[in-house]
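Asks: Below are the chains, spelled out letter by letter.
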Amino acid sequence: MVAMNKSNEGKENLCAEAGEVYYLVYSSALIGFTLGLILAVLAGSRVWLEMRLNMGHLIPVVTVLCPVLTLWKGSAFSYAVFLMEQVVLLIILLAIYGFDAGALCSVPAYLFREGFHGNSLSLTTARVMVCGIFLGGNLLWIYHGINQLYFRRKK
Amino acid sequence: MNKGLILFATLILCCSVITFGILPTALASAKITLTKEKPILVDEKEKSVSVLAQVNGKYFYQTTRHGVVYSGGSNGDKSVFRSYASDQDYYNGLMKLGFAAGNNMTKDNAAKTFVQGDLLEVTVTWDGAKKEYSLDEVIIDSNKKPFLIRFGGNQKNALQFKTGCLLCLDSCPVGITSNANYTMGAVEMRSEVIFKGNDKVLPPDGSLVVIKVKAKK
Numbered sequence: 001m002v003a004m005n006k007s008n009e010g011k012e013n014l015c016a017e018a019g020e021v022y023y024l025v026y027s028s029a030l031i032g033f034t035l036g037l038i039l040a041v042l043a044g045s046r047v048w049l050e051m052r053l054n055m056g057h058l059i060p061v062v063t064v065l066c067p068v069l070t071l072w073k074g075s076a077f078s079y080a081v082f083l084m085e086q087v088v089l090l091i092i093l094l095a096i097y098g099f100d101a102g103a104l105c106s107v108p109a110y111l112f113r114e115g116f117h118g119n120s121l122s123l124t125t126a127r128v129m130v131c132g133i134f135l136g137g138n139l140l141w142i143y144h145g146i147n148q149l150y151f152r153r154k155k
Numbered sequence: 001m002n003k004g005l006i007l008f009a010t011l012i013l014c015c016s017v018i019t020f021g022i023l024p025t026a027l028a029s030a031k032i033t034l035t036k037e038k039p040i041l042v043d044e045k046e047k048s049v050s051v052l053a054q055v056n057g058k059y060f061y062q063t064t065r066h067g068v069v070y071s072g073g074s075n076g077d078k079s080v081f082r083s084y085a086s087d088q089d090y091y092n093g094l095m096k097l098g099f100a101a102g103n104n105m106t107k108d109n110a111a112k113t114f115v116q117g118d119l120l121e122v123t124v125t126w127d128g129a130k131k132e133y134s135l136d137e138v139i140i141d142s143n144k145k146p147f148l149i150r151f152g153g154n155q156k157n158a159l160q161f162k163t164g165c166l167l168c169l170d171s172c173p174v175g176i177t178s179n180a181n182y183t184m185g186a187v188e189m190r191s192e193v194i195f196k197g198n199d200k201v202l203p204p205d206g207s208l209v210v211i212k213v214k215a216k217k
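Heads up: the sequence lines are chains A and B, in that order.
Sequential numbering of the first sequence, starting at 1, is according to the working numbering.
Sequential numbering of the second sequence, starting at 1, is according to the working numbering.
Check before you lean on any hint, since a few could be wrong.
To be verified - With the C-beta cut set under 7 Å, the calculated list includes, among others, these residues of chain B facing chain A:
#	residue
1	K58
2	Y61
3	E188
4	D205
What the hints contain is simulated information worked out from the structure, not anything from laboratory work.
Backbone N, C-alpha and C fix where the C-beta goes; we use that ideal spot for every residue, glycine too.
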């Protein structure tokens, strides 16, 4: 009985650890994705750079780099960072393109498409994917937060 | 009976006139006959070169100095129109029609030189378009100068640099044809002008268009 309890405890710990690693990876990937998009939008507004380089490549590079650095560092970013990044992205888009709804909806999608070499991807699909990443990211983070709160209360 | 026949014939005649009157007339739009497998047409009768291209909607919102670039070139994603025809085929087509290339641009003189060569008229059309639109209508010049597209030539540079440029929006030592209103660097170095695709006229991103180039009268 004691052995079984210890084995169950071990499995729970493993699950918790796996969960933590998963949380570290996806949260930092989201942070990286948003940071990459911010950098791509900023760099893309410089015509000289835009004419020579594919700014969209910043997105996958930073998306991958962030989890690697986070795993090495061992601690996750908070949801506040992700929220702030989204606000910063919106402010930068407004500053560069004004209140042009077409530009605000399309520029992130074009950069995303460019970054992942998806020129055959329609603009609508690219928009849906970008929105899905942000929406899904926010929901996952909120779910994780609720989960954490539930397990703390259970203990 | 004769009255009946006359009345019947008049009725048929009236119905025919009314029917033909209300039938929708064929749209003046050109139907795209070019394909991705055969993306270029050199029309010796009309003395024009037509090229199949795709709208890159990114440049409705961002500025560029490239009008039409071959999708296989290094600048393929940097232009308002992504061409399926190569810059070499485009060059050969213009030469076949007897246009004279300027070949006056080099990398050293590009910043101070306006492209020379035969003056060309460029129009764009697509399935469902109301007409053939001029380049001025589909690409916006912030200074509102009408385009002066000239046959720059530059075959050697085009082969060397492999940018794929068919039509540049400022004078270019690599693009086969370019805009003689501005010297190189006007867009990206000196910010003299901003060029963007006109989303109020052009069809959406990804739409196929036919770009026709012929002598300007």
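Asks: Let me make sure I understand: some of the numbered hints might not hold for this structure. Which ones are they, in numerical order?
Replies: No numbers; nothing is violated.
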